[in-house]
Amino acid sequence: MTDAIETKGLTKDYGSGRGIFELDLTVNEGQVFGYLGPNGAGKTTTIKLLMGTIHATRGSATVFGLDADRDAVAVKKKVGYVPGELPQFGGWRGTEIVAYLAGIRGDVDDAEVERVAKRLDLDLSRKYREYSHGNKQKLALLMAFAHKPALLILDEPTSGLDPLHQQEFYGLVRDARARGATIFVSSHVLSEVEQICDRVGIVREGHLVTVGPIAELLGAKAHRIEIELADPSAAVLVARVPGLEQVQIEGARVSGLYRGAFDPLLAALSGQRVVSFVSREPSLEEIFLSYYR
Amino acid sequence: MTLLRLAIRQHRTGLVVMSVLSVVAGALNAAAFEQLAGTTPAERALFGQQMELLGRQLSYMLPDPVQLDTMGGYLTWRAFGALALIFAIWAILASTGAGRGEEERGLTELWLAAGVSRLRWLVTRTAGFVAVAVVVLIVTLGSTALVCAAVNDPLPVGGLLLEGLGLLGLMLVTFGVGLAVAQLVVTRRAAASIGAIVIVVLYVLNSASRSGVAIGGLSNLSPFALFDRSKPLLPQGGGVDVGATVALYAAALALIVASVAAFGRRDVGGGLVSPGTKRARSAWRPSPDPLLRMPVLGMVDQQRWWLIGWTIALALLGYFLASLGRAIVDGMMAIPSLRVYFDRLGINAYSDFIGVLWFGTFLFIISGLAIAQVNGWAADDGEGRLEAMLAAGASRSRVIVERIAALLVIAGVVAAVSSAVVFYGARALDIVVPGDRMVAATVDVLPVVFAFGGLGAALVGWRPRSAVVLLGAVAVVSYFVQQFYAIFQWPDWVGHLSIYQLYGMPLSRDDWGGIATLVAIGLAGTAVALGAMRRRDVGA
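As you go down the protein sequences, you meet chains A and B in turn.
The working numbering applies: residue 1 is where the first sequence begins, and numbers increase by one.
The working numbering applies: residue 1001 is where the second sequence begins, and numbers increase by one.
These are calculated hints, taken from the structure and not from any lab test.
Among the hints, a few may not be true.
To be verified - Stretch-level coverage of chain A by chain B, calculated; a stretch enters the list once three of its residues show a Cβ under 8 Å from a Cβ in chain B:
hint : segment
1    : 157 to 164
2    : 249 to 257
3    : 273 to 282
As the list claims (entries may be wrong) - If you want a taste of the chain A side facing chain B, the calculated C-beta under 8 Å gives, among others:
hint : residue
4    : S16
5    : G17
6    : G90
7    : G91
8    : Y100
9    : L101
10   : A102
11   : I104
12   : A117
13   : K118
14   : D123
15   : Q167
As the list claims (entries may be wrong) - Computed far set for chain A versus chain B, every beta-carbon distance over 12 Å:
hint : residue
16   : T2
17   : N28
18   : T44
19   : K77
20   : G80
21   : P87
22   : E130
23   : A144
24   : H147
25   : G171
26   : H188
27   : L190
28   : E194
Virtual Cβ for every residue (Gly too), placed ideally from N, Cα, C.
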């Protein structure tokens, strides 16, 4: 499997700890990669570096083997892009915006525009300023998908979309994936990432803190546990077990996220009267939050 | 106080630009009077007599010339007469920004959501402008007074204060016009365009009345006419027309109150009068307009209505100036000293004067068009359109080259149409302008536009937010250098710092050196812009 995206030591340093630092990341062709992180973590900066709109302080990024900065024009021919902040086109009509941007791109099929516009229920006859936020987002999605790119780079793509059109978006992603496209999507909606992505990277304060297949992240590496003991004083002892994070104690009840093998936890519970013990795989949201607490 | 402080802050660019502009205009004109008028009473009387003869020919542009042998009379005519229009344009831009621009950016909604009443919002916006306008006037009149005192020709403080009172009244009326228009339309651009048209119409009403065109009492509708009636700086018989000044302030108050009332009735983000938009048929395909998909022409096509507006406005202005051409030239040539002056410059045929009158005015206006385009380029970056173009596969170099090419196409269309109107308008007055020279003079406008475009592109690449102000400064400096370098007998190289001076007088003779310099400026600016665009971050 070849790499659609590869970054090596990619850094954009805005000063005061802002930016993205030493990013080593690989996204294989055909993958749907979720890029997660809170506001200001460096997601949009990474995406702008991949799109060549900003220049790296150091390091490199390649898209299908092309340098994202030096070969930016050739890269764009292969990429469909939804920016995090939507452009303003004032009094232009949707038809004019699409025609103008299609004219620059040169390889947009009007029939495909029509197909995607109808799918998203986006009336192109209206003026841009009359569009709601959701319709502006649909127009951005239309421009990203209409030329059937090999790579889609989507920054918060469902922002402003209602649930019905979010489902249409998922359908577009599935179709793109089915024809072999790679998708790099940043999102705050973890259920969405859980639904559409194969791999996930989590970025915090400009650094990639974890990356891996979503199944692996959701798997045995961590468990959400809730234990109720007969003796409330024993709860404190349990809370001290190494590997237990995000601990909350309410009387005789202890809850938290537990990483690693269960032996130390069971050893700590031995000799205690356990009223109830619940262990389940955490949601992606809980895993995500575990990197920020 | 926070709201008022923010309102004042919104006008900081205007404050700086207008202060610099008006200080330069006031001080240079005061110094020029000292240089030109001589020192003895006889010299001044002769100067005043000749300038009044000239001034009567320029009444379409400047106030009636009175007591031009005195510093007060000269400044009333030459400096404050021109500043009145400049202040009015600033007031229109400021009011449409306050009345609609902030609403477009969502600021108004934010403040109203925070519990600020609509009345308080608009009143503080107005108060902020008044505060800034007063500061500009103090700086303008103060610096002019200082220069006058320095050349031992002081102006009366009372007269200066009353002049300021009149200018403030004029600014408030035009601010009110802009604020009222901003309640009717939904974009700042439309409000500024319509407001500017209203102001130009009001200005032309006054100009026509001064030029002897019979328009009855219509001129009384013009705030410029009301402002002209007060001449507090004249040493003899000057003073304030109380009725006219009260009318100015009453009109301003009425417009502002009407605007506040309209703002209270309309929806935020909407206009007072909804035209009942005809719903177009749903469309799912891109526009079939082939121009939109073509390089350069796509950019021009986006601005077709704007281009048509500029073309019509400048064609009308060209016709107006051409129709006055013979009368103006005859009047000027009746002044012996001016005839000698023009002979020295090699200007002696009617067509030469058409060149000076029309192309002199046209260049200044077309540079405004270039600056407006540069403003759009800077906005492309701030509003995400540049990023969208790059994401669609346009190279950074292509964006720069296309922008400049589109600017040249737009300027070329405007220049060609308006020159044709001037050419045939002059012919109707039996002024024969050689066709080949008219074509050359029209084509030579393009290097001027190219120079502004190249500099603008470089400035946008370097400092997008300051580009318009800096390019405006280039235009203003060019204008003042062209106006004053001969008067102050500055060396030739200073004259060549003016882009307008480099254009020369192609309707009379070729100046290939100047044109080559303009092209070189354009090329250098474009090269800098290409380099800066490659290096800079977009949308960061």
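Evaluated hints:
{"no.": "1", "hint": "157 to 164", "result": "violated (count 0)"}
{"no.": "2", "hint": "249 to 257", "result": "violated (count 0)"}
{"no.": "3", "hint": "273 to 282", "result": "violated (count 0)"}
{"no.": "4", "hint": "S16", "result": "violated (15 Å)"}
{"no.": "5", "hint": "G17", "result": "violated (16 Å)"}
{"no.": "6", "hint": "G90", "result": "holds (7 Å)"}
{"no.": "7", "hint": "G91", "result": "holds (7 Å)"}
{"no.": "8", "hint": "Y100", "result": "holds (5 Å)"}
{"no.": "9", "hint": "L101", "result": "holds (5 Å)"}
{"no.": "10", "hint": "A102", "result": "holds (6 Å)"}
{"no.": "11", "hint": "I104", "result": "holds (4 Å)"}
{"no.": "12", "hint": "A117", "result": "holds (4 Å)"}
{"no.": "13", "hint": "K118", "result": "holds (5 Å)"}
{"no.": "14", "hint": "D123", "result": "holds (5 Å)"}
{"no.": "15", "hint": "Q167", "result": "violated (20 Å)"}
{"no.": "16", "hint": "T2", "result": "holds (22 Å)"}
{"no.": "17", "hint": "N28", "result": "holds (23 Å)"}
{"no.": "18", "hint": "T44", "result": "violated (10 Å)"}
{"no.": "19", "hint": "K77", "result": "violated (5 Å)"}
{"no.": "20", "hint": "G80", "result": "violated (9 Å)"}
{"no.": "21", "hint": "P87", "result": "violated (3 Å)"}
{"no.": "22", "hint": "E130", "result": "violated (8 Å)"}
{"no.": "23", "hint": "A144", "result": "violated (9 Å)"}
{"no.": "24", "hint": "H147", "result": "violated (9 Å)"}
{"no.": "25", "hint": "G171", "result": "holds (17 Å)"}
{"no.": "26", "hint": "H188", "result": "holds (20 Å)"}
{"no.": "27", "hint": "L190", "result": "holds (26 Å)"}
{"no.": "28", "hint": "E194", "result": "holds (28 Å)"}
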